[in-house]
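A.B. asks: One-letter residues, chain by chain:
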Amino acid sequence: MKAKVNKIIPFSNVDGPGNRTSIFLQECNLNCLYCHNPETINICNNCGLCVPECPVNALTILNGVVQWDENKCINCDNCIKICKNNSSPKIKEYTTSEMINKILEYKNFISGVTFSGGECTLNSKFITEVFKEIRKYGLTCFIDTNGFFDVEEVFDLIENTDGFMLDIKAWDNEDHIKLTGKNNFKIKNNLNKLIELDKLYEVRTVIVPNLLNNEETVKKVSEIIVNTNVRYKIIQFRKNGVRLELINAEEPSKKYMESLKEIAKKKGVKNIVLT
Amino acid sequence: MNEILEIIKDEQLSFEQRVYSLARYAENSLDVLNLDEGIKEWMDKDIICDLAEGNAPYKPRYVVPDYEKFMEQGSDFLELSKPNDIWEAINNLLILYKHVPSVSMVPVYIGNIDTLLEPFIEDEEESKKAIKLFLTHIDKTLTDSFCHADIGPKETKAGNLILEVSKELQNPIPNITLKYDKEKTSKEFAIKSIKTALGSAKPSFANDEIFRKDFNGEYAIASCYNGLYIGGGSYTLVRGKLSKLALEAKSKEDFFNNLLPEFTKRMTRLMDKKVEFLVEESVFFKSNFLVKEGLVSRDRFTGMFGIVGLAECVNTLLALENQDGKFGSNKKANELGYEVIKKVSELVNEHINKYCEISNEHYLLHSQVGIDSDNGDSPGCRIPIGEEPELYEHIIQSAPFHKFFPSGIGDIFKFDEMAMKNPAAILDIINGGFKTGLRYFSMYEDGGDVIRVTGYLVKKSEMNKLDAGNAVLRDTTVLGKGGRDNSGILNRKLRKEDEYESQSK
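Top to bottom, those sequences are chains F and D.
Each step along the first sequence adds one to the number in the working numbering, with nothing skipped, and position 212 is 212.
Each step along the second sequence adds one to the number in the working numbering, with nothing skipped, and position 126 is 126.
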């Protein structure tokens with residue numbers, strides 16, 4: 001079994017408890033206006049547009065397929081900037097055993113591993129295989145997800161995961177469709193399910209002034225996670241890296257962020273992080 | 001004589017610094033070591049540097065008293081009896097500190113201060129006040145951040161108070177090391193130490209397991225990060241600049257077969273002369289009360305063979321062979337660096353000095369952190385600032401060198417403010433590093449006032465004061481300013497979370 005990997009960060013301190021290896025898989029089933037790394041959304045369609053843009057000839061086309069030479073690449077990201085498909089030619093395929101070996105290289109230095117994306121649950125079987133193996137080494141297994149999945153389909157993965165970090169992007173369905181292109185019924189449902197299964201570690205909401213009803217989202221999430229140990233991470237929208245042609249919004253002020261924290265606090269949520 | 005007048009007229013010196021400079025001038029007017037031409041030649045070429053120890057050694061460079069013994073027996077010479085409460089305990093210690101000599105004006109080791117004070121901790125509030133006064137007194141009177149205190153490995157009430165007070169005070173002195181062993185140190189205490197270090201650049205973490213093995217049990221971390229025997233110390237520290245030595249090489253073979261053996265010979269010859277004079281001619285070991293009362297004994301001293309500039313040495317040797325690659329990021333370069341240090345270690349261990357009984361009559365290797373005037377010589381085996389790879393690669397690159405340096409080697413990592421939200425992540429990295437063989441790990445947070453220069457700490461605000469031409473309290477600030485101006489220590493790689501943070505996937 002194989003998965004397409006956009007990036008591996010050996011040490012990350014923002015993707016769950018302790019030091020973690022974060023693995024970003026390619027492909028997403030939402031398309032958020034504020035996506036911070038839109039080049040992870042689609043699988044490369046081999047259109048070849050990026051190939052002549054590479055200043056060091058790290059990209060070529062072989063039998064109609066774009067090839068990337070990692071050793072030549074200088075990470076200028078010209079290829080990503082020119083891509084019309086929200087993708088990247090700099091993708092590496094890993095088999096489960098290659099992935100396990102890569103993780104084990106870091107095993108002395110980490111509490112565990114977090115799969116992210118894209119939407120990593122699109123590769124749930126691959127991750128399940130990896131998790132089953134690395135658990136044997138005492139590593140904890142976390143998933144960073146947009147929540148757009150069917151619990152029945154990924155039940156094996158849930159069983160082998162220690163904690164989920166789940167995005168609740170907007171409570172209002174109209175807002176959610178406007179932002180992501182999809183409705184949020186499944187996601188809200190999964191919020192409750194993961195709590196029931198005691199698998200929810202953290203909920204994440206990105207705050208975008210004027211575009212979304214941020215107060216409502218924070219309030220509703222807080223009402224649901226109160227009386228659990230779930231951490232609520234409230235994230236400032238940042239313009240850096242987003243597709244500015246899609247979203248015309250301001251970054252929230254510190255004061256506004258504090259006021260949202262206050263809402264969560266008043267609802268009784270104990271573990272709140274602003275970032 | 002003009003130089004004496006210059007010392008007297010220097011507005012940037014405090015009174016104590018002035019007196020010390022005058023004493024050093026007097027000492028250096030002697031020539032008693034009878035150094036041979038070979039040593040002198042390489043001292044002139046800046047290949048060998050004795051770190052201004054002075055021309056007539058009259059005290060060991062690093063004195064590591066047995067403070068446990070002092071707490072038990074008091075001191076006849078100082079007319080102090082065994083302390084009965086926390087106030088007597090800190091008073092006794094503060095008095096003794098003023099009588100412990102070293103290469104500078106202040107002691108480089110002031111004890112495992114948590115275990116020394118733990119028996120006297122009764123009322124926490126009173127103890128905290130006592131410890132606060134104790135640490136403040138040290139910062140204002142032992143004005144040199146080579147002054148080093150140890151804590152751990154076990155969590156104690158005193159240890160907790162020391163961390164809390166250190167964070168509050170934001171003082172560069174004393175330098176502090178936590179002797180850390182995953183099996184002995186509680187996770188809570190380790191996390192608290194990391195939080196304190198991010199806030200005040202101390203404590204650093206020493207790999208207790210490795211040090212204990214190398215020193216057959218108890219050991220002290222003194223000065224920058226120097227592992228030494230308790231109740232002893234080091235007669236001397238002479239350092240060789242591998243960076244400058246490599247400039248003499250005709251080829252890689254010439255460097256390994258001719259220069260390195262000659263280098264070790266001249267270095268150890270200089271060290272032998274110093275040790276011999278100190279032991280046989282000077283009176284420290286005959287008359288000092290620390291010796292007479294058994295707080296140190298001559299046979300627990302050793303000597304430190306220091307090196308700097310491995311990175312530049314390797315880069316020069318590779319260029320001689322027309323090979324690409326830089327130390328730190330290139331596998332071949334790192335391997336060559338390893339070969340150099342292995343060879344130095346073998347050569348140093350072939351040399352015998354009869355006054356180093358405690359370390360099997362050998363000198364101990366020390367990866368020296370550099371001095372303020374160094375320019376183009378990276379500390380010890382460190383990767384040059386500005387060329388550091390990612391954290392994981394950095395640790396894996398550095399760890400293999402650590403086993404060669406029982407008397408000190410370490411790396412410094414600068415983190416951004418996100419680290420404070422997840423200190424457990426740093427503990428994971430330390431645990432992994434120590435398992436991989438890392439001996440010593442220092443950290444600080446980019447935004448703080450107190451930062452680690454190379455091995456010692458300075459306040460950025462005090463460097464600014466010095467920039468403006470004022471005298472400052474702590475003499476290491478002058479060294480810090482040199483480090484900043486000559487070695488770019490403020491540009492150390494920031495370990496921050498990738499932009500790829502999982503915002504809005």
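Hints listed in this document are in silico derivations from the structure and should not be mistaken for laboratory results.
Treat the hints with care, as some may be off.
Label pairs and their in silico Cβ distance ranges [said to hold, decoys possible]:
hint, chain 1, residue 1, chain 2, residue 2, range
1, F, Lys-239, D, Gly-469, 39 to 49 Å
2, F, Cys-73, D, Thr-141, 22 to 32 Å
3, F, Cys-73, D, Gly-488, 22 to 32 Å
4, D, Lys-421, F, Asn-101, 52 to 62 Å
5, F, Ile-61, D, Gly-437, 19 to 29 Å
6, D, Lys-182, F, Pro-52, 46 to 56 Å
7, F, Asn-101, D, Gly-469, 54 to 64 Å
8, F, Ile-61, D, Glu-390, 26 to 36 Å
9, F, Lys-72, D, Lys-332, 17 to 27 Å
10, D, Glu-321, F, Cys-73, 20 to 30 Å
11, F, Asn-192, D, Ile-191, 51 to 61 Å
12, D, Gly-488, F, Asn-192, 52 to 62 Å
13, F, Lys-92, D, Glu-346, 36 to 46 Å
Values in this document were obtained by computation on a predicted structure and should not be read as measured data.
Using N, Cα and C, we set each Cβ at its ideal position, and we do this for glycine too.
A.B. asks: Now tell me, hint by hint, if it's right for this structure.
C.D. replies: Each hint, compared with the structure:
no., hint, in the structure
1, F:Lys-239 x D:Gly-469: 39 to 49 Å, "holds, 44 Å"
2, F:Cys-73 x D:Thr-141: 22 to 32 Å, "violated, 57 Å"
3, F:Cys-73 x D:Gly-488: 22 to 32 Å, "holds, 29 Å"
4, D:Lys-421 x F:Asn-101: 52 to 62 Å, "violated, 31 Å"
5, F:Ile-61 x D:Gly-437: 19 to 29 Å, "violated, 46 Å"
6, D:Lys-182 x F:Pro-52: 46 to 56 Å, "holds, 53 Å"
7, F:Asn-101 x D:Gly-469: 54 to 64 Å, "holds, 59 Å"
8, F:Ile-61 x D:Glu-390: 26 to 36 Å, "holds, 31 Å"
9, F:Lys-72 x D:Lys-332: 17 to 27 Å, "holds, 20 Å"
10, D:Glu-321 x F:Cys-73: 20 to 30 Å, "holds, 28 Å"
11, F:Asn-192 x D:Ile-191: 51 to 61 Å, "violated, 33 Å"
12, D:Gly-488 x F:Asn-192: 52 to 62 Å, "holds, 54 Å"
13, F:Lys-92 x D:Glu-346: 36 to 46 Å, "holds, 42 Å"
Comparing the model with each numbered hint stated earlier shows that hints 2, 4, 5 and 11 do not hold.
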